[in-house]
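Protein chains: 2
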Amino acid sequence: MAVSQTNSGVEFLSAAGIDLLLELRGPGLRAALTDALRVAVRTGRLVPGARLPASRTLAGDLGIARSTVTESYAELVAEGWLTAQQGSGTRVADRPDPRTAVPSPARRPGPRRPPAQGLVPGAAQFAEFPRTMWVTAARRALTAAPHDAFGYGDPLGRMELRSALAEYLARVRGVDATPERIVISSGFHHGLGLLARALRTQGVRAMAVESYGLDLYRDLLIGVGLETPALRVDADGARTGDLSGLPGVGAVLLTPAHQFPTGVALSPERRAAALDWAHRTGGLVVEDDYDGEFRYDRQPIGALQGRDPARVAYFGTASKSLAPALRLAWMVLPEEWVPKVAAAKGPVDGVSVLDQLTLAELITSGDFDRHVRAIRQRYRRRRGQLVAALAERAPGVRVTGMAAGLQAVVELPAGTEARIVRRAARHGLLVGGLNEFRHEVPADGPDRRERDALVVNYSAVSDSAWPGALDTLCRIMPDGGAARAELKGEL
Amino acid sequence: MAVSQTNSGVEFLSAAGIDLLLELRGPGLRAALTDALRVAVRTGRLVPGARLPASRTLAGDLGIARSTVTESYAELVAEGWLTAQQGSGTRVADRPDPRTAVPSPARRPGPRRPPAQGLVPGAAQFAEFPRTMWVTAARRALTAAPHDAFGYGDPLGRMELRSALAEYLARVRGVDATPERIVISSGFHHGLGLLARALRTQGVRAMAVESYGLDLYRDLLIGVGLETPALRVDADGARTGDLSGLPGVGAVLLTPAHQFPTGVALSPERRAAALDWAHRTGGLVVEDDYDGEFRYDRQPIGALQGRDPARVAYFGTASKSLAPALRLAWMVLPEEWVPKVAAAKGPVDGVSVLDQLTLAELITSGDFDRHVRAIRQRYRRRRGQLVAALAERAPGVRVTGMAAGLQAVVELPAGTEARIVRRAARHGLLVGGLNEFRHEVPADGPDRRERDALVVNYSAVSDSAWPGALDTLCRIMPDGGAARAELKGEL
Numbered sequence: 002m003a004v005s006q007t008n009s010g011v012e013f014l015s016a017a018g019i020d021l022l023l024e025l026r027g028p029g030l031r032a033a034l035t036d037a038l039r040v041a042v043r044t045g046r047l048v049p050g051a052r053l054p055a056s057r058t059l060a061g062d063l064g065i066a067r068s069t070v071t072e073s074y075a076e077l078v079a080e081g082w083l084t085a086q087q088g089s090g091t092r093v094a095d096r097p098d099p100r101t102a103v104p105s106p107a108r109r110p111g112p113r114r115p116p117a118q119g120l121v122p123g124a125a126q127f128a129e130f131p132r133t134m135w136v137t138a139a140r141r142a143l144t145a146a147p148h149d150a151f152g153y154g155d156p157l158g159r160m161e162l163r164s165a166l167a168e169y170l171a172r173v174r175g176v177d178a179t180p181e182r183i184v185i186s187s188g189f190h191h192g193l194g195l196l197a198r199a200l201r202t203q204g205v206r207a208m209a210v211e212s213y214g215l216d217l218y219r220d221l222l223i224g225v226g227l228e229t230p231a232l233r234v235d236a237d238g239a240r241t242g243d244l245s246g247l248p249g250v251g252a253v254l255l256t257p258a259h260q261f262p263t264g265v266a267l268s269p270e271r272r273a274a275a276l277d278w279a280h281r282t283g284g285l286v287v288e289d290d291y292d293g294e295f296r297y298d299r300q301p302i303g304a305l306q307g308r309d310p311a312r313v314a315y316f317g318t319a320s321k322s323l324a325p326a327l328r329l330a331w332m333v334l335p336e337e338w339v340p341k342v343a344a345a346k347g348p349v350d351g352v353s354v355l356d357q358l359t360l361a362e363l364i365t366s367g368d369f370d371r372h373v374r375a376i377r378q379r380y381r382r383r384r385g386q387l388v389a390a391l392a393e394r395a396p397g398v399r400v401t402g403m404a405a406g407l408q409a410v411v412e413l414p415a416g417t418e419a420r421i422v423r424r425a426a427r428h429g430l431l432v433g434g435l436n437e438f439r440h441e442v443p444a445d446g447p448d449r450r451e452r453d454a455l456v457v458n459y460s461a462v463s464d465s466a467w468p469g470a471l472d473t474l475c476r477i478m479p480d481g482g483a484a485r486a487e488l489k490g491e492l
Numbered sequence: 002m003a004v005s006q007t008n009s010g011v012e013f014l015s016a017a018g019i020d021l022l023l024e025l026r027g028p029g030l031r032a033a034l035t036d037a038l039r040v041a042v043r044t045g046r047l048v049p050g051a052r053l054p055a056s057r058t059l060a061g062d063l064g065i066a067r068s069t070v071t072e073s074y075a076e077l078v079a080e081g082w083l084t085a086q087q088g089s090g091t092r093v094a095d096r097p098d099p100r101t102a103v104p105s106p107a108r109r110p111g112p113r114r115p116p117a118q119g120l121v122p123g124a125a126q127f128a129e130f131p132r133t134m135w136v137t138a139a140r141r142a143l144t145a146a147p148h149d150a151f152g153y154g155d156p157l158g159r160m161e162l163r164s165a166l167a168e169y170l171a172r173v174r175g176v177d178a179t180p181e182r183i184v185i186s187s188g189f190h191h192g193l194g195l196l197a198r199a200l201r202t203q204g205v206r207a208m209a210v211e212s213y214g215l216d217l218y219r220d221l222l223i224g225v226g227l228e229t230p231a232l233r234v235d236a237d238g239a240r241t242g243d244l245s246g247l248p249g250v251g252a253v254l255l256t257p258a259h260q261f262p263t264g265v266a267l268s269p270e271r272r273a274a275a276l277d278w279a280h281r282t283g284g285l286v287v288e289d290d291y292d293g294e295f296r297y298d299r300q301p302i303g304a305l306q307g308r309d310p311a312r313v314a315y316f317g318t319a320s321k322s323l324a325p326a327l328r329l330a331w332m333v334l335p336e337e338w339v340p341k342v343a344a345a346k347g348p349v350d351g352v353s354v355l356d357q358l359t360l361a362e363l364i365t366s367g368d369f370d371r372h373v374r375a376i377r378q379r380y381r382r383r384r385g386q387l388v389a390a391l392a393e394r395a396p397g398v399r400v401t402g403m404a405a406g407l408q409a410v411v412e413l414p415a416g417t418e419a420r421i422v423r424r425a426a427r428h429g430l431l432v433g434g435l436n437e438f439r440h441e442v443p444a445d446g447p448d449r450r451e452r453d454a455l456v457v458n459y460s461a462v463s464d465s466a467w468p469g470a471l472d473t474l475c476r477i478m479p480d481g482g483a484a485r486a487e488l489k490g491e492l
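If you read the sequences in order, they're chains Z and P. So the first sequence is numbered by my numbering: it starts at 2 and just counts up by one. So the second sequence is numbered by my numbering: it starts at 2 and just counts up by one.
Misleading hints may appear alongside valid ones.
Simulated restraints, written as ranges between beta carbons of each label pair [claimed, not checked]:
#1 Z:268 / P:179: 53 to 59 angstroms
#2 P:179 / Z:381: 42 to 48 angstroms
#3 P:388 / Z:168: 46 to 52 angstroms
Worth flagging that the hints you see were computed from the coordinates, not collected in a lab. Each residue gets a CB set at the ideal place from its N, CA and C atoms; glycine is no exception.
Please model the complete structure; the sequences and the hints are all you need to start from.
Shown next as structure tokens:
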């Protein structure tokens with residue numbers, strides 16, 4: 002995100018498409034920042050869904066403490082002006098809801114606007130949560146559950162779910178799993194935090210990350226006290242060969258099956274290089290298999306963990322296959338790490354036992370497999386429609402990445418990403434710019450852009466909203482209708 | 002817990018009734034401690050349900066680092082030898098379960114023993130979870146839920162539940178609540194940790210606690226970096242007047258409606274003293290209303306929070322009224338603390354949205370009220386049966402504390418507590434000794450015992466197990482059948 006000082010304050014020219022004039026004044030910096038952001042939302046200068054800069058970035062650009070920015074964001078989230086959600090960073094709330102806003106004369110939300118269509122990464126297909134299937138399984142699970150299932154539960158997770166997952170992950174993802182090495186967490190963010198704290202306790206100083214990924218996770222690692230040097234990502238995935246050149250790194254966070262968000266697979270050579278590094282240095286490979294069930298052109302690549310269970314910690318989640326609302330994820334750990342992660346998790350578990358029992362029932366009954374197959378068909382169809390529509394209506398762009406997962410990368414002409422994200426927002430369409438997900442590689446300068454692209458999550462809207470969203474997406478492309486209209490000055 | 006050195010190692014004479022000879026040898030202290038505990042469980046020297054000393058206590062007694070003890074406990078919990086659960090501390094697993102034990106030649110559990118009947122505090126009436134009521138409400142809630150309900154959710158909790166709780170807590174507990182000041186957590190332990198971190202961030206150094214309570218919570222506060230001086234508890238509750246004498250205390254954790262575990266109510270004078278202290282010093286009163294719905298002789302005392310919502314943070318939980326398995330609790334905060342706790346909670350919530358929506362549906366439909374009334378009747382009846390049976394069969398003891406909550410305090414002749422807890426364990430009955438819950442008051446020495454008593458949780462067993470448990474309880478009393486048998490040397 003580039004920032005230019007002006008005489009009246011600080012102007013953001015954000016990769017997220019935010020044009021925001023912030024005038025920092027008043028008693029405290031934090032209060033001034035909070036008020037300025039609040040006003041910007043109320044007056045519509047920050048449109049619903051607009052993504053705010055990462056706290057680290059904004060703090061750097063404004064030359065203020067990062068804590069000032071995070072506290073300001075947290076306050077506005079608590080008031081309902083912003084939302085901070087896994088996968089989509091901190092954004093302006095789609096529709097500021099008076100009920101969620103701390104009532105205060107200065108804080109009344111502005112006029113309502115039509116809800117934006119979201120194709121932003123991280124948002125799952127909430128509209129299609131299998132409500133009936135879930136409740137039916139919940140009834141079966143609760144009826145069969147022993148009395149003690151309603152107690153505080155095993156801090157590592159219910160054995161029913163860990164046993165079901167061990168069988169499922171081995172069958173579907175080639176994971177080498179035993180129930181005793183599986184730990185249930187309330188989402189990937191929670192699980193990654195537990196492992197990061199355990200690594201820190203063991204003296205690990207740094208966890209390498211991929212040069213494209215979510216600030217949310219990198220910030221989590223930094224918050225735990227880990228350094229997070231970035232490995233450059235190219236067409237073969239993360240350059241794991243560079244790990245040897247990074248001193249003091251004890252772990253590496255990878256998305257081998259489907260790099261997020263660039264959509265490439267980690268090549269066999271890079272997979273081998275990661276495992277070689279782990280063996281040579283005693284390091285740990287952290288495999289985030291966030292969408293491993295969704296490959297459309299052929300059988301998915303098996304989990305890296307299956308190659309070397311002693312050196313890889315495997316992470317999976319129910320957020321993509323079912324819904325984030327479940328707050329259910331799992332990790333398969335090397336045996337030595339189980340007690341260490343258990344110690345980080347503490348004596349009291351926070352994961353709903355009822356939901357754990359229900360998911361276990363879904364998996365063992367086969368309903369989960371049937372559900373995943375069904376939505377895989379849906380997403381494959383949508384990806385096909387996206388590729389076809391863009392090929393016909395926006396020949397100037399190119400869809401890259403594997404035929405897999407929930408999002409596609411649409412390559413754009415150099416220098417057009419920020420303008421097109423802004424144009425989309427003006428048309429009520431929320432899309433992510435690839436550079437929103439870019440971590441700086443030490444060698445880079447802050448303004449070095451490797452490529453311009455959109456990250457389009459085609460799973461994030463309902464069937465009824467999809468055609469309209471796709472049409473809008475085509476229109477806002479460099480050679481789409483909206484672009485021509487803009488050139489004619491009609492917008 | 003008193004400890005005496007012997008030439009062969011360290012002998013515990015535990016208030017929890019554990020006689021354990023630990024011989025610390027081998028390479029590392031931690032490994033030696035872990036092995037010794039494992040052997041003690043396998044050989045039966047530590048009986049199922051036996052409560053282990055708090056890590057702080059044991060570390061002090063052995064003169065080793067506390068982390069050594071906590072890591073050893075965590076490893077044994079992960080292996081299934083011990084359980085660490087809210088409300089009952091770290092205990093020997095009732096029945097070491099091969100499925101939960103990390104398989105290893107040295108770690109195979111010992112011979113099975115008959116399952117013990119548990120009357121230990123903290124265990125709720127799991128056997129009576131309203132399964133059908135819950136699933137029916139879940140179906141209604143999921144059918145009515147908007148699409149966005151299946152997303153990552155509001156970090157503060159679903160507004161449906163916060164709105165329902167605001168109405169319910171005002172009506173039932175006299176809490177001054179608005180949805181905007183309610184934060185949902187995955188249990189009281191989670192919520193207290195969030196507030197403790199927020200207090201720490203604000204520069205608070207110490208939170209006073211009551212001289213009787215759960216190590217689990219005190220340890221949590223210590224882990225966050227807070228000092229935890231103890232206020233002596235007497236027949237009028239905690240001596241809140243002593244707060245002025247405790248330097249640097251910025252908050253106090255109280256159980257005003259029903260002191261845990263002694264069962265007394267905080268007197269009006271002591272309530273006023275707590276609020277006066279808060280006003281004078283700007284301190285925060287943390288009200289743990291863990292069983293406020295359960296008063297049997299008259300209307301429950303209203304929440305302290307209702308008297309001064311700006312100075313009291315109110316905590317409630319579904320663990321007693323429904324089940325700990327839900328991992329659902331709530332706090333009603335002064336407005337200024339909402340963003341601070343939100344910042345501590347972070348951008349990603351870990352509480353199941355589906356369970357939140359289901360509980361909201363239960364409350365708004367009135368089913369929750371009906372359910373609470375029903376189990377209140379059950380617990381009232383059980384308490385009456387307990388008091389009557391002891392009066393008839395063990396006239397030497399006296400039940401104290403209010404007619405409220407889920408446990409009763411049975412006063413014992415001085416010096417008999419540990420022996421009777423042990424005797425109960427030999428008869429397969431798990432009961433807690435009052436001194437297991439005692440925090441030292443600065444003035445005290447470690448061996449000063451104010452009183453001997455049992456803490457009997459009469460809600461913790463099913464209807465079918467209750468009569469047998471009650472009979473055993475009467476028999477192990479000082480003048481019960483088991484005692485006479487012991488004197489005759491028959492045991």
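Each hint tested on the structure:
no. : hint                              : verdict
1   : Z:268 / P:179: 53 to 59 angstroms : holds (55 angstroms)
2   : P:179 / Z:381: 42 to 48 angstroms : holds (47 angstroms)
3   : P:388 / Z:168: 46 to 52 angstroms : holds (51 angstroms)
The structure shown violates none of the earlier numbered hints.
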